[in-house]
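Starting from the given sequences, assemble the full structure and let the hints guide the process.
Number of protein chains: 6
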Amino acid sequence: MTRTAVISLKQMAILTLGAALLLAPATARAQLLTFSNQDLIDYTAQNPFDRLPDGRPNVPDDMLERARGLSSEEVWAVLEEKGFHNQYADGFQVLHPGKTLVGRAFTVQFMPERSDVDGVAKAKAKARGVPRLTNQTAIDMLRPGDVLVVDLFGKKVNGTVVGDNLFYYVMQATHAGGLVVDGSVRDLDGLSEIDLPAYFRSVDPTPIGNVMLTGINIPIRIGGVTVMPGDLVVGDREGVYFIPPQAVKDVLDQADETHIHDEWTKKKFAEGKYKSSEIYSSPK
Amino acid sequence: MTRTAVISLKQMAILTLGAALLLAPATARAQLLTFSNQDLIDYTAQNPFDRLPDGRPNVPDDMLERARGLSSEEVWAVLEEKGFHNQYADGFQVLHPGKTLVGRAFTVQFMPERSDVDGVAKAKAKARGVPRLTNQTAIDMLRPGDVLVVDLFGKKVNGTVVGDNLFYYVMQATHAGGLVVDGSVRDLDGLSEIDLPAYFRSVDPTPIGNVMLTGINIPIRIGGVTVMPGDLVVGDREGVYFIPPQAVKDVLDQADETHIHDEWTKKKFAEGKYKSSEIYSSPK
Amino acid sequence: MTRTAVISLKQMAILTLGAALLLAPATARAQLLTFSNQDLIDYTAQNPFDRLPDGRPNVPDDMLERARGLSSEEVWAVLEEKGFHNQYADGFQVLHPGKTLVGRAFTVQFMPERSDVDGVAKAKAKARGVPRLTNQTAIDMLRPGDVLVVDLFGKKVNGTVVGDNLFYYVMQATHAGGLVVDGSVRDLDGLSEIDLPAYFRSVDPTPIGNVMLTGINIPIRIGGVTVMPGDLVVGDREGVYFIPPQAVKDVLDQADETHIHDEWTKKKFAEGKYKSSEIYSSPK
Amino acid sequence: MTRTAVISLKQMAILTLGAALLLAPATARAQLLTFSNQDLIDYTAQNPFDRLPDGRPNVPDDMLERARGLSSEEVWAVLEEKGFHNQYADGFQVLHPGKTLVGRAFTVQFMPERSDVDGVAKAKAKARGVPRLTNQTAIDMLRPGDVLVVDLFGKKVNGTVVGDNLFYYVMQATHAGGLVVDGSVRDLDGLSEIDLPAYFRSVDPTPIGNVMLTGINIPIRIGGVTVMPGDLVVGDREGVYFIPPQAVKDVLDQADETHIHDEWTKKKFAEGKYKSSEIYSSPK
Amino acid sequence: MTRTAVISLKQMAILTLGAALLLAPATARAQLLTFSNQDLIDYTAQNPFDRLPDGRPNVPDDMLERARGLSSEEVWAVLEEKGFHNQYADGFQVLHPGKTLVGRAFTVQFMPERSDVDGVAKAKAKARGVPRLTNQTAIDMLRPGDVLVVDLFGKKVNGTVVGDNLFYYVMQATHAGGLVVDGSVRDLDGLSEIDLPAYFRSVDPTPIGNVMLTGINIPIRIGGVTVMPGDLVVGDREGVYFIPPQAVKDVLDQADETHIHDEWTKKKFAEGKYKSSEIYSSPK
Amino acid sequence: MTRTAVISLKQMAILTLGAALLLAPATARAQLLTFSNQDLIDYTAQNPFDRLPDGRPNVPDDMLERARGLSSEEVWAVLEEKGFHNQYADGFQVLHPGKTLVGRAFTVQFMPERSDVDGVAKAKAKARGVPRLTNQTAIDMLRPGDVLVVDLFGKKVNGTVVGDNLFYYVMQATHAGGLVVDGSVRDLDGLSEIDLPAYFRSVDPTPIGNVMLTGINIPIRIGGVTVMPGDLVVGDREGVYFIPPQAVKDVLDQADETHIHDEWTKKKFAEGKYKSSEIYSSPK
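Chains as they are written, first to last, in our numbering: chain A, 1 to 284; chain B, 1 to 284; chain C, 1 to 284; chain D, 1 to 284; chain E, 1 to 284; chain F, 1 to 284.
In case anyone wonders, no lab produced these hints; they're calculated from the structure. Here the structure is a predicted model, which means the values were calculated and not measured. Hints may be right or wrong, so weigh each one.
Some chain D residues judged to face chain E by a derived CB distance under 8 Å, without partners named [claimed, not checked]:
id, residue
1, S71
2, K82
3, E113
4, D116
5, E238
Note that the Cβ used here is the ideal one computed from N, Cα and C, for glycine as well.
Structure representation (structure tokens):
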């Protein structure tokens, strides 16, 4: 954490901590780019589940639990079949390899700072009761089971969405959901000790800056993926899948069947009596 | 051009060519992401000029003409002074080095194809009278003096915004304005013979595909720049500047003064009587 | 050219120049890896043309001539339709942009030097009457209309298949056919003055070395392409296509049709009366 | 594992598992490129050991055991002295850092799919009694002590030689020999739990595809190395050495001497009485 | 270790080990480039501490101890405030992530070998009583608490400043100080077992070579940092900070305050009663 | 040129232009790093020519003239023979391909800004009568026949050693000698119209900044080359050679012989009667 934060320590005595102003999610959905509650409902119309108060599809908790056993390969097979060819992103540094990332996408978009545009955006936000437009504005809206998914366009220097304090907050607020950022983080040593799955492009000691918040829970792009708010996010050692809610059940059911088959296959191989081609038909 | 297009040649006899349906720019401004005419006016409120019918700031033609003498260095100096630190993008292949790019930004955004989202977007477009959502939807809206600025997120294969036929059309429609694409083009041999300034990341023989049109004349990102519809686009051998309309006059006036100084400086240097430090004070 | 060559100048008086031993192509086809005349005929069984004395398919001269008008895009469309998805390679430095490369593939493969293997290969070659195994062994076998296609696995230092003297020879021997090398060349200034289309990865002053010749007119890999001896090689500003002989006629016929369509399209666009979507159906 | 495999689960009841057809190694050595048993014997004529049934040099088991203590540096020194300058490849992801890779090279080559060529290769294979030509064809031929060395030309998407099931099979068949692939693997989470040393370029969820098997136990290239079937493969945290059989004994003997010297050197240094230059003569 | 070293084993009996000639630091400070003791004192005039015998600022041991708790972020904040914008380097492989690097910079510079220059340098060195100019010349001068910081201009092959024996020596001589090299190391397996923090660009089996030692304890460049002898070097999982001695106390004091604030912040967040923006004021 | 320079235009009336203070080269040779006149003479002791007033070897003008016909290949061959393996640098953008660069190296070194060090350097410079330490300090010392060789450690943003005005001055002062910078330049459009050979890594609109001048006519590193003041610099389309003065005559004499041989070889090849191997002995 930097000195700026330390200064705020001294100001803290006069903070009335209990009076947190809850942001109305509907008004705060987007800043520069508008994506209304109705837009979200329209564009995720195939969602088979209920919705969170902020309008996002609410993939149920028991499905999140089942998703912890998924591998990227299993997701690939079902999504490919359903015509989703672009839901996988990789090339991240993985904070805790071996710990699966699972949760509902909470999306945030930043764009390069441009004072004329940002000035208008901030005035508009203030008019709607949002006092500031920063990474914390979004972070304060997180819910249990969320994965914070942030487009910082691969920025390294001043592209650090969180340091260890905010990372700790994200862990608490999402109940260890997770973080995916097409950008960087700060204080890797501090992060390493916090039990939150995280995927990022790089690490830098600088704080976030020279950017402007342009959207919360709007469609964003991470690598070659269009991510929608409420997508089921699943990450393993390789990369991250963003699964449309309507495909979640099939992915999970298919994975169960595959697990049984895999176990049986390895058992057969362990017996040493069969050639690989006798048991396992190559996907090709 | 590909076979698909050739097939359409055969279908052409039955086309009623004269009955072109003009797209209403206000309704077509954005697809997935909404950015209304009012939004555009709000976010470019500092524009000192009149506006085009589609709401974009209309940097006057005589200023476009004066801008042909600008270099990236001159733009840098004035924008830096005004607090715009992020308006320059480079790393492009330049089709015609030595030919300056000048025009008003007409922005287009694509995102990775996602069938559930694209299906909704297309239905919504059709309901508003836009029959298809493709690169041509946007290209058909171009005006003289425009530079087509396209976010194709650096895509190479299937990220080719135009081939030589559409490139020729863009040249005609913009009166040799220009093209900047964070993506690729097709048919470089064909393009080379057409007198339109163009900046692209790469070249590929494949047609555009596996993407969806998500916005026309909305704020987009090209490299590290937030580009607004109506920005003055200026490109030279090095890269491209996106100049907010309110800064255009100062940039041009300053450049005139600099040109006089440069001429005088070189004349002095040519005389061979002075050291460089006697005439030229280093910017540092 | 280097000193080593200069020394040979002095030895030249005693060379019996007229008595060139013509290599028997069948025996010299491959060195480390065997690919016999019969193999070549079997694996190119769909070839609709006659064959060269060395067994390669002989795409006729008039088709080579017609191929000079092809662009990568036109080739892509036909090959894609025929199920050839991997016949295009790019990422080369192009020596003479704007000059089309056309010819029949004469393939050569090098692998990293390994003395134990190379010793055996050279002994075997000598036993078959091939005195040396170098780049010149292959170059001496070139015929008019050939394009020399060389796999030097992207090697830069000591991966220079020719300098200006040998490049001049290739020009003479192939009647200005061409050169494609997944490796480097020497003496770029010298090469620039010689009228032979050439595609290479890099340039270096070192001579070729630390490699061994492992095959002549065998199947090789250039980037993501499997190249067969006798493929029609077509290169433009973007990259290089390797067209199986059986697809050549369709590619050429289709291109003729496309050219007519393109001319008509541009004429329509020049009239300024139509929107792009009225004339040109996007490939997507 | 993917759905395709799951379908095969249902077909499995009717498989007559015991009747595995053993491939005759001599006929299956190569597909597109021929490298006969005699070729293998000729090109590895300096092999001082006996040979495996498939003709490969058989570096003895006790030498494999001794090789577990080797480091890349020790191998480098001896091979350099013997004139082998190109036997080291690095730039891999290492699955189990700290676990030494040791075994006899079993080589496999893939090239980009080309339907005309692959059709002939498959017909020829069938005629010789090899029903299919896939990665499993090769994997089924592995023996204890083998390291599967695969040229997939650095391919990531669809360049995944194995997923977790086949990887498990390789572990069983080679008695934990190992895998080196100039390409990718699938299902990194699954692989991480299996105790087989593995070196690969990348990871991807897609299955292997758009390639054709072109050779088994032929000379192949991995990075800047020409690998011969039967080479001793040794990998550590840094990279992989491919040691010609005739150099194995010297490498091992030299390493023993070096280990004694190193132990002595560190003991001296630990005493703190000497300068580094008094004990250790720099290699330079 | 290589064979060359082993040969030296045999020569060791005749080494008179006790008679180590101690290099006079003042004369040996630089080789090709001169940077005298007085230069060092002049250029580090703001040093608030005493000096080591070789003239370097001597950041006290208790401050080294306190520095073990620093993170890159904390250093960044204070240095930025003091106008030091270029003291951070990253992009290293970190040998022991999670183990903090702390110590006083002992700098060494190499440049590409050039026989005419190196010959003169060696003659001059010999005249001053320095028998050889190698990496060991510098390594022998290390003191407890030092971090060896080496400019090998990113060289990989033959850019290996140490292997495991010399690395062990550095650990002993610096009392586990550390190593930062803009170049490579050898024998990563061996290094992994030695408890010395180390940062390097790459790993290679070759020994150091084709370079010449051009300076000891002179100003050098590591990435974008000018490193002065005696700088406090602090490295964590992310990268390395080179802190001018005059800034050390402020960095440490500020960090203590930050640690208290961070602990308090996380405690508040753990209670779950506050939004992040209520407790933590974002640095932006 | 930037506004800062324009401001200086207004100050110019009061400049006493004729009274240029000539810098004493001996005192100004180096700033942070010392490299005295005697050092220069010692380290270039093999120089067979006379010396310039600043102590650099003075390769005679007629040899510069002859060097215009050299290619990188010819230089390589002779230097390799003489044991100089590291005198070639490439990877530059070449401003005027086809125009040979020839001249005597005038070296300049920058390092990353560090206020404590730079403050001392500037005070020392002022004490010696050098009012400022900037790129112009060095540029003002250039002589006819010089090539300005600058180490800016590959810096792009704020690594621009000159814009078009200073570039014009360098052309005048060196009589079209040349520029080689391991860094960037500004105003590529302006540079393109000035007839001075130039090699640079990149182009950027920012002025030079955040660096400090650390040496003039000291040994510097450009890529993998140690460059000495007074080296003969020769550049072609491929890259740049830095030739030690003592090797210049042999390089030129050898090149003459090679040119005759090359002409004869091409004449023989043009006759079409010989195989390449009959005339040209491959360097391998």
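Hint check:
Satisfaction of the interface hint for S71(D) is found here, the shortest Cβ-Cβ separation to chain E being roughly 5 Å, below the 8 Å cut-off. Among the interface hints, the one on K82(D) is violated; its C-beta lies about 11 Å from the nearest C-beta in chain E, farther than the 8 Å criterion. For E113(D), the suggested interface contact is broken, since its CB lies about 34 Å from the closest CB of chain E, more than 8 Å. Taken as an interface hint, D116(D) does not check out: its beta carbon lies about 42 Å from the nearest beta carbon of chain E, beyond 8 Å.
Interface restraint check for E238(D): the shortest CB-CB distance to chain E comes to about 5 Å, inside 8 Å, so the restraint holds.
Hint violations for this structure: numbers 2, 3, 4, all remaining hints satisfied.
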